[in-house]
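Required output: the full structure, derived from the provided sequences and hints.
Number of protein chains: 2
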Amino acid sequence: MKITINQKNFKKSLSLVEKIVSKNSTLPILNNILLRTENGRLKLSATNLELGINYILGAKIDEVGDIAIPGRILTDFINGITDEKISLTTKSNVLLINSANFKTQILGSSSKDFPIIPKVKGSILAVVNAKKLKTNLLSVADAMSLSEARPELAGVFIKIEREKTIFAATDSFRLSEKIEKIKSNQEATIILPRNAVTELIRVCGELEGDISINLSDNQISFSSEDFEFISRVIDGSYPDYKKIIPDKFLSRVLISKTELENSVRLAGLFSSNISDVKLQCQDSSMILVARNPDKGEVETRVDALLKNEPFEVVVNYHYLLDGLKVLSEEKVIIEYNGSGSPLVLKPSETELGETYLIMPLRNQG
Amino acid sequence: MKITINQKNFKKSLSLVEKIVSKNSTLPILNNILLRTENGRLKLSATNLELGINYILGAKIDEVGDIAIPGRILTDFINGITDEKISLTTKSNVLLINSANFKTQILGSSSKDFPIIPKVKGSILAVVNAKKLKTNLLSVADAMSLSEARPELAGVFIKIEREKTIFAATDSFRLSEKIEKIKSNQEATIILPRNAVTELIRVCGELEGDISINLSDNQISFSSEDFEFISRVIDGSYPDYKKIIPDKFLSRVLISKTELENSVRLAGLFSSNISDVKLQCQDSSMILVARNPDKGEVETRVDALLKNEPFEVVVNYHYLLDGLKVLSEEKVIIEYNGSGSPLVLKPSETELGETYLIMPLRNQG
Numbered sequence: 003m004k005i006t007i008n009q010k011n012f013k014k015s016l017s018l019v020e021k022i023v024s025k026n027s028t029l030p031i032l033n034n035i036l037l038r039t040e041n042g043r044l045k046l047s048a049t050n051l052e053l054g055i056n057y058i059l060g061a062k063i064d065e066v067g068d069i070a071i072p073g074r075i076l077t078d079f080i081n082g083i084t085d086e087k088i089s090l091t092t093k094s095n096v097l098l099i100n101s102a103n104f105k106t107q108i109l110g111s112s113s114k115d116f117p118i119i120p121k122v123k124g125s126i127l128a129v130v131n132a133k134k135l136k137t138n139l140l141s142v143a144d145a146m147s148l149s150e151a152r153p154e155l156a157g158v159f160i161k162i163e164r165e166k167t168i169f170a171a172t173d174s175f176r177l178s179e180k181i182e183k184i185k186s187n188q189e190a191t192i193i194l195p196r197n198a199v200t201e202l203i204r205v206c207g208e209l210e211g212d213i214s215i216n217l218s219d220n221q222i223s224f225s226s227e228d229f230e231f232i233s234r235v236i237d238g239s240y241p242d243y244k245k246i247i248p249d250k251f252l253s254r255v256l257i258s259k260t261e262l263e264n265s266v267r268l269a270g271l272f273s274s275n276i277s278d279v280k281l282q283c284q285d286s287s288m289i290l291v292a293r294n295p296d297k298g299e300v301e302t303r304v305d306a307l308l309k310n311e312p313f314e315v316v317v318n319y320h321y322l323l324d325g326l327k328v329l330s331e332e333k334v335i336i337e338y339n340g341s342g343s344p345l346v347l348k349p350s351e352t353e354l355g356e357t358y359l360i361m362p363l364r365n366q367g
Numbered sequence: 003m004k005i006t007i008n009q010k011n012f013k014k015s016l017s018l019v020e021k022i023v024s025k026n027s028t029l030p031i032l033n034n035i036l037l038r039t040e041n042g043r044l045k046l047s048a049t050n051l052e053l054g055i056n057y058i059l060g061a062k063i064d065e066v067g068d069i070a071i072p073g074r075i076l077t078d079f080i081n082g083i084t085d086e087k088i089s090l091t092t093k094s095n096v097l098l099i100n101s102a103n104f105k106t107q108i109l110g111s112s113s114k115d116f117p118i119i120p121k122v123k124g125s126i127l128a129v130v131n132a133k134k135l136k137t138n139l140l141s142v143a144d145a146m147s148l149s150e151a152r153p154e155l156a157g158v159f160i161k162i163e164r165e166k167t168i169f170a171a172t173d174s175f176r177l178s179e180k181i182e183k184i185k186s187n188q189e190a191t192i193i194l195p196r197n198a199v200t201e202l203i204r205v206c207g208e209l210e211g212d213i214s215i216n217l218s219d220n221q222i223s224f225s226s227e228d229f230e231f232i233s234r235v236i237d238g239s240y241p242d243y244k245k246i247i248p249d250k251f252l253s254r255v256l257i258s259k260t261e262l263e264n265s266v267r268l269a270g271l272f273s274s275n276i277s278d279v280k281l282q283c284q285d286s287s288m289i290l291v292a293r294n295p296d297k298g299e300v301e302t303r304v305d306a307l308l309k310n311e312p313f314e315v316v317v318n319y320h321y322l323l324d325g326l327k328v329l330s331e332e333k334v335i336i337e338y339n340g341s342g343s344p345l346v347l348k349p350s351e352t353e354l355g356e357t358y359l360i361m362p363l364r365n366q367g
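Just so you know, the sequences run in chain order Y and L. Using the working numbering, read the first sequence as starting at 3 and increasing by one per residue. Using the working numbering, read the second sequence as starting at 3 and increasing by one per residue.
Since copy identity is lost for identical chains, a pair holds within one copy or between any two.
Subject to a maximum C-alpha distance of 20 Å in a straight line, what follows is the list of computed PhoX-like cross-link-like pairs (lysine-lysine):
1. K259 / K327
2. K244 / K166
3. K25 / K297
4. K244 / K348
Quick caveat, the hints were computed from the structure, so don't treat them as lab data.
Given below as structure tokens:
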């Protein structure tokens, strides 16, 4: 391989693929980024076997070739230099990086040792803007289960329909759903694993434009002209969560998100070890109460507008904060459905398609 | 105690004293901040037994008193609220914090259990601007020894003379000295322990105006009207480091600090496990070379102006970066004194009083 490349482009591309590179792996080859010339451009690849990423950038190719190079040192080095034009040359398993101000040799490995990242060949399921995909995943990601006890909950459920796509996640203590209007050619359901969700959110934050979603066998890809993100999908069927979302309510409160967030955070300081905070909803205010035998107690109030009967409910304040965070409007609605029923949070503008459920800790209504 | 206080002032004051509060201490009382009314104002105190801090702020006092309150929850709570006026009332060992929007009780302890922070009664040694004190301590702090093998090196040496104050630190691998023009009434030498240096740097960053330095027995204080920082000093005599600072040179190089820093950082990526980077100084450039049998190698050049003979020296690149960081001018001078002699770094404007010495790793001149 013998190519010339622009430092800024190379740096940006490396930052996209480098995060996928494994650390402390028992398979040292996974610490590498694969560099390969392809159709007159340079392709960078990284994988941790569960997911993989390819990114293609322009380069002047004098001689085709490929090499696997440790991701960390390559990225740190390219980030640190300021020379605009860099030449990359391979000499057996060594990468020579040269420019006006430096001569460098990085020890690499044969590309033959680098694992193959599978191709996803299915037809395009849907096309979605990268930034929008990021927002949708972000609004449900916190609710994914951290435990692997029920593998299907350790990811985001994506249901592609003709007129809309539904994103959902639940760890059985709370549930987050986001409905986005996206036109699709086909219908499909996928459970995307937690790591893939986290990385896809990060990567989409650095991309512009549209992303195509493809699915074949148990692999999914999110790709554009320059870029491809491939992950396995979780095998299994997602619980029919729709039936636990109440379609009516006993009481409803309209409240300011920012004010409630601040008060929940304050009350949380005095919650006990089960993170319990009590919400008492009255005519024109919500009172938050928390007590901890070792720390003390707090009672704080927020203006609120109540419809129907006053109520009282105890929730885990972390879940409440997570829920408020994903609602994209300042005015939020909290719906109460009686003792033991989930509390429903949504923006007052329901067109936004955001729904967040919290199971109460114990109900003293 | 029954007082009314402004939230913003209270928040700012707590942020100053809270960092001194111990964490995970075997003496739980040290996790507290002492609140005490004093001469119509509120005094906050914290100590970790090695050093202590007092800060006094205005308050409307209805009833005098005192209480010790866990620092973390008090600070988090006061940081989180937005109500302007807060009332603080003690009821046996509980602090009641009330305002328009909340009622809070924090469990505290009797002030009798709180350790006494010693008074430093000596006459004023010197007066120095808080920001200047911070800058001077910062420019030598990195060179303090991390080991306690020689306790006198685990701190900053401060030598107060009539016309100037000298700050110095060394871990025997490198040495940093800063001379500041400060007029003093008396002469004195002090070794300030590492933790006190770190905290004083932080605290001085948040203070304005002048700080008086007092010394009595083995305690030192840095104080203003509202504020007092007290620390023990290290017992022992500081090595006579002046004699190892060369007063002449064999060769000298004038170089850009920023360019050299960038190159050292790049070369450092390829240094071996002893962090060695070789500097080859020639007529119009400095070449940096590093080799690591597991990673690769780099050779990079920086424009430089050499006086006298070319030379070659191998140094720990971390020490070189630390040294360049403290030099406050963009043009720096590096002086070479032959194989085995320390390398001297200083700004080209020597009036700045900054000197940094690095012992070479091995010399191949």
